Structures are given as structure tokens and as C-alpha cells.
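K.L.:
Read top to bottom, the protein sequences are chains A and B. Those letters in the first sequence? Residues 0 to 349, by numbering that gives the first Met the number 0. Those letters in the second sequence? Residues 0 to 349, by numbering that gives the first Met the number 0.
In short, the hints are calculated from the structure, not lab data. It cannot be assumed that every hint is accurate.
Said to hold, decoys possible - Covered by chain A, according to a simulated footprint, are these stretches of chain B (three or more residues, beta-carbon under 8 Å):
(1) 174-180
(2) 192-203
(3) 212-225
As the list claims (entries may be wrong) - A short list of chain A residues far from chain B (calculated; beta carbon distances all over 12 Å):
(4) Asn-74
(5) Leu-78
(6) Asp-125
(7) Ser-140
If you're wondering where the values come from, they're calculated on a predicted model, not measured in any experiment. Even for Gly, the Cβ is constructed at its ideal location relative to N, Cα and C.
Number of protein chains: 2
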Amino acid sequence: MRCIENPLITPESIPPTRADFEVVSVINPAVTQYNGQVILLMRVCERPISQSGKLRTPVLDLKNSEVKIKTFSLNDPQLQYSDVRVFKYNNRSYLTTMSHLRIARSSNGIDFVTDEKPFIFPYGPDEEYGIEDARITKINSIFYIYYVAVSRYGISTVLAETEDFESFKRLGMIFAPQNKDVAVFPQRINGKYYALFRPDTGDFANPCMWIGSSDDLLHWGNYTYLMGPRPNTWDSKRIGAGTVPLKTDHGWLEIYHGASDKDVYSLGLILLDLEDPSKVLFRSEKPFFSPVESYERLGFFSDVVFTNGMTVLPGTDTLMLYYGAADTCICAARLDMQELFGYLRIHSNR
Amino acid sequence: MRCIENPLITPESIPPTRADFEVVSVINPAVTQYNGQVILLMRVCERPISQSGKLRTPVLDLKNSEVKIKTFSLNDPQLQYSDVRVFKYNNRSYLTTMSHLRIARSSNGIDFVTDEKPFIFPYGPDEEYGIEDARITKINSIFYIYYVAVSRYGISTVLAETEDFESFKRLGMIFAPQNKDVAVFPQRINGKYYALFRPDTGDFANPCMWIGSSDDLLHWGNYTYLMGPRPNTWDSKRIGAGTVPLKTDHGWLEIYHGASDKDVYSLGLILLDLEDPSKVLFRSEKPFFSPVESYERLGFFSDVVFTNGMTVLPGTDTLMLYYGAADTCICAARLDMQELFGYLRIHSNR
Chain A
0 MRCIENPLIT PESIPPTRAD FEVVSVINPA VTQYNGQVIL LMRVCERPIS
50 QSGKLRTPVL DLKNSEVKIK TFSLNDPQLQ YSDVRVFKYN NRSYLTTMSH
100 LRIARSSNGI DFVTDEKPFI FPYGPDEEYG IEDARITKIN SIFYIYYVAV
150 SRYGISTVLA ETEDFESFKR LGMIFAPQNK DVAVFPQRIN GKYYALFRPD
200 TGDFANPCMW IGSSDDLLHW GNYTYLMGPR PNTWDSKRIG AGTVPLKTDH
250 GWLEIYHGAS DKDVYSLGLI LLDLEDPSKV LFRSEKPFFS PVESYERLGF
300 FSDVVFTNGM TVLPGTDTLM LYYGAADTCI CAARLDMQEL FGYLRIHSNR
Chain B
0 MRCIENPLIT PESIPPTRAD FEVVSVINPA VTQYNGQVIL LMRVCERPIS
50 QSGKLRTPVL DLKNSEVKIK TFSLNDPQLQ YSDVRVFKYN NRSYLTTMSH
100 LRIARSSNGI DFVTDEKPFI FPYGPDEEYG IEDARITKIN SIFYIYYVAV
150 SRYGISTVLA ETEDFESFKR LGMIFAPQNK DVAVFPQRIN GKYYALFRPD
200 TGDFANPCMW IGSSDDLLHW GNYTYLMGPR PNTWDSKRIG AGTVPLKTDH
250 GWLEIYHGAS DKDVYSLGLI LLDLEDPSKV LFRSEKPFFS PVESYERLGF
300 FSDVVFTNGM TVLPGTDTLM LYYGAADTCI CAARLDMQEL FGYLRIHSNR
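Work the whole structure out from these sequences, hints included.
P.N.:
Below, the structure written as C-alpha cells:
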């Protein structure tokens, strides 16, 4: 089911925002359709071009919201690497790259043209270290974009809206730190909006999926635990929402990500009750999709498939699942809806 | 300014909920007034009476919401003590005691009569390990009670309401894990409710105070960072809201807690803008109140003063500040409002 054209979009094809920067990855796109085109709102990760013996990372200058470069000596004993994505200096966390959100458009869902410039670029103290991993939920004619904002104060989720993918408006922080992997359902259910989210529960539990509700998409509450990692399986270490849930006859279909103890990221499939999405009707035992191909197994962070969205190509039975591969590039898989629904029918006993 | 009657309420005076349990502390009360009496909604921490060589802790049985006792051998190498309040077994966090909320009433603010039974007792999966540290905000004739709920999935804040302190109704989780130290302002400000809260920001930052807003007290959003710990001071390790903010001519008065690197908990004083409480007008450099007396310096967790509320005694200029001392007992301090306002006038330059 992987597209033979994979990877569809690679870092080499993305112009950096500055001549002295390089794009190290383009990943984890939000997915929607507008004006007859598939729209991907991609996370583009940049960093200053390397200098020997130095670690240089971009952060916002909070005085003027311009990007400045922080430089650390690799020999400095205060410097501690967590992994290739995160490091600590003097007990403060930093990211090795700064991300922004950029649009790619396609008429067939395969061949994409990427904007030269960012659509949403980090701004203000909440976005000091960058913005990442957007998802888009279309409700009526408004596209609600929500993305991960990273700052010295942690990882939060910010809501924005657009009607035309030309301009956008920030609406405020909807999930305070530590929260990511938010996925807003595309319609009210019994009068309420619902969202999946992934709080960081520190020493208590490996990261779990939760669900909350809202009257206005801006204020959230009624938080409930939905499901957690399963020890000694492919999703033992952490899980979080992937796609925006899709309404089917069998329930709300959600493709989520799970990481194993060895940080291999795969995708699983759940069905949530149509009337009460805090009820899990079905959860796949085995991963629905795992890193297999070389572009999924080797990259900036190896052994990763991670999705933020899917879309049904108009007039077809094809569900296009877009995903980040090895934290490096964007790929897609074609899912036959009839096949998928047959699978769900069998496994959900409905 | 400490009451000479301190401590006002001690664990020995509180009947446990079971004959085989002991009350180890009674602390951190929510404070309000009802029917001409000062009401404290106290956190009562209980545990099974000790047995040699064993660690026994109460948790809810999620099937029937009854308390059961989990027993661990102190020799078990899987057992790891964090501090006297928390331990880990097989990498899962537990508390050493289970807390519930109990009422004490007083006509003079000093002599309290304690209820024989809990007012709010842990119930359901969110409260598996107990409920702690309530605050009460009275809005119109409703007393909104919000308290910390602890479970295997972390530390959250749940909202309830009462009109009479005879019965109450749970309204839902308002801050998902990891969140505590919520303090709701007692009136709308420019049409919105506001609350201080304290997310756990993990590796990013020592715990900071944030502020959010709401239309209905149930759903919250528009989250903004308010202020953080100050390195190498009395509030360097973590800070969080204490009292429900009190409206004064000089701004919203908030007495917050801060812990030093050595986990000494003191109280500080801030003023927030009356029209925009996300603006800090004043923050005390030095602690306003620190552990000094023996009942504050020695106890279940030593060197702690921690407040959840204060109230102006009717017809007086006396602000009664109630606080937990050394995580063991409840004390109070009398603040002369004219003196306090004089201090604020000088320090806030207003």
C-alpha cells in the first residue's frame, strides 16, 4: 500500500529560510483539501550549517521575535545530548533544529509543489524553539490548524485558523505544557467538540492518549483518560493521536502512533464510539504500519513512521495516508477504503 | 503575626476513616465562610497502621471504588523511595498515604470543630491514589471546590460545587495531568473567568505559574506563562499558586508558595493587574513567610509552610491566612490589612 513514488517530499527540495541554514527534515504534515487540491502543512526542520566543534541552534530572540543562533562548544561539559533532537545545556533543554510550517499542494495527491516561504513561522515566547507537527480539522468552511509550540517553558498546542491558506490568524494556546498530539474531531458529537491529546505524565505513566471536549474549540475540559501504552509490545513506551479521526459506519477511525521500548515508531488503528468517542471499540493488537523501507528505517531519527493526517481522494475509494519517515521525509500510503472497512467489520464485530 | 494558638488542628484530633488506619497529617486547607463560620476544607492524609518490614499504601479498587491496601516488602529491590511522600515500584509511582477532604468549622477562625467523616472521598479512576489540596472560590452563592486528583495516570485538578457544605457535585476534570495549584479568581474580569495553575513542564523548566481563562469554569484555554522560579533564591526549585486571589485597590493579591533547591517551602506575595491578571505588577524579593517555628520546621515533610487560602474575618481588618506546617498540621497567621496594604503601596509604587 506504500506509494511507489515514496518519498514524495525530501529535505533537498525545500529552500531554507536563510542562506546560512540547511533543511534537515520535512515531515509529519497536516492534511486537508482546498480548491480541488490536497494540501500538506509540513513541518520543516532547519539548523545553521555545521561548524566544526560547535553545536549551533536557532531560537527566537524574544525581544523582536527574530531568529538568532545560540552557539555551544561540543567540548563544554555543561552540554548533554539526550538524542539527536534534544540537548541540555546548564540543565535547560534545547532543540537541535527549529521547525516552521510550510505548505505543499498537489492535484493528484502524489506530485507536490512546495511553497518557497513558510506559511506559519515561530512567533512570540510560546514558539521560541519552533513550531511542529500540525494537524488540520475543517469545520464548515474554516480550516482549524493546531500545532505544537516549543519554548523554554515546554511543549504546548496552539490553535490558528485560515479560510484560504493565504493568511491565518492565531487564536491562542489550547493545551498548556506538556501537551502534544492533539487531534480535533471534524464535527460536534452530541453538541460538543472533542479532541484527543497526549499529556506528558512524567514519572507516573508512559505517555497516554486522553480525550477532552469543548464548546468553542478555544477552551477545553472534561478530560478523560482514553488508552495507554501496552507493556512489551510495539506501543509500549508512548502513544499519541495521529490522524484527525474519520467518521465511518463502524465508529470514528483513528490511526495513532506508538513507540516501542527501543523507540521504533509504528502506527496502530482504533475505532471510537460514534456517540461517545471516549469509548474505545477496537484497538489493533499488531501495528497497522511499521518502518520497513530504507527511507523509514534510516534518517535523522531512524525507524519512524508518524502520521498527522489522511484524506479521501475525491471520487475514489482511496484514503491517502501521509506520514513522516525516519524524521527525514514525507511519504504516503494508499489505503483501499473497502478493504479497510472489511478489516474493521471483522475486527470490531459490528 | 502567627497565631499563638498554633497549631490549630493536628492529626491526633482527626478520626481516621477506618480503625486500621492512622492519620499522619491534616494540612493545606481550602478556606471560605458560610453561615457566619469560617470553613476549612482540609486535606487529611491516612495510611494503614505500620507493620514491621512492610510498606502498605491505600489505593482505590477501580472495580468498586473501595479502598484496598497494597503491600510491598521493604526488602524488595523493585521498591524505590523518592521521598517520604512518594515511592516507585516496578517503575510505577505510588503515594505513601491516601488523602481525602474533610470540613472543619469555626465561629472565631481559631477554634475549629472537625467533621467525623470525609466531605469528599476519592472516587473513580482519576482519584485512585487520593484527593489533595483543595481551594474554594465562591461565585455568587455557589462554592466552587477544585482539588488535586492523583492516579496512576498522574496529577490533575477536578472541579466540584456545593451550596451548603452538606452535599456536593463533581463537575469534571478541568486541568489534565500534570497540573496542580489551581486558584480561580472570584469574579469575571472583562467578561472572563481566570485561573492560576501550575503545569509540570518536565525537563524543560522548573515548575512555573501559568494563567488561563474560561467562560464557564469547566473549559479552560488562552494559556499564558505568568512567572517562574528564580535561580539561587528561596523560590528557585518550583512555585505555584497559594491563596485564591483577593481583590485590592492595588491589584489582585496572591500569596504563592515557592520551594528552594533544598525543598524549603516559603510563601511569597504578588500583585496582578486588576484588568489583566496576566500582568505581574509586583513580586516580593524575599519570602513573605518562611518556616521558623518548630511545628513548621519538623514533621512528615520538614521545613514547609504552604497555603491554599485566606479570608477576611467579618467586621475586622484581619486577614486570616491558613497554612499547612511541615506537611503535618494546620496553622494560621493574622495579617493586618492596613499594614499589608501599606506594604503593598510602598512596594508596588501605586
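K.L.:
So which of those numbered hints doesn't the model satisfy?
P.N.:
6
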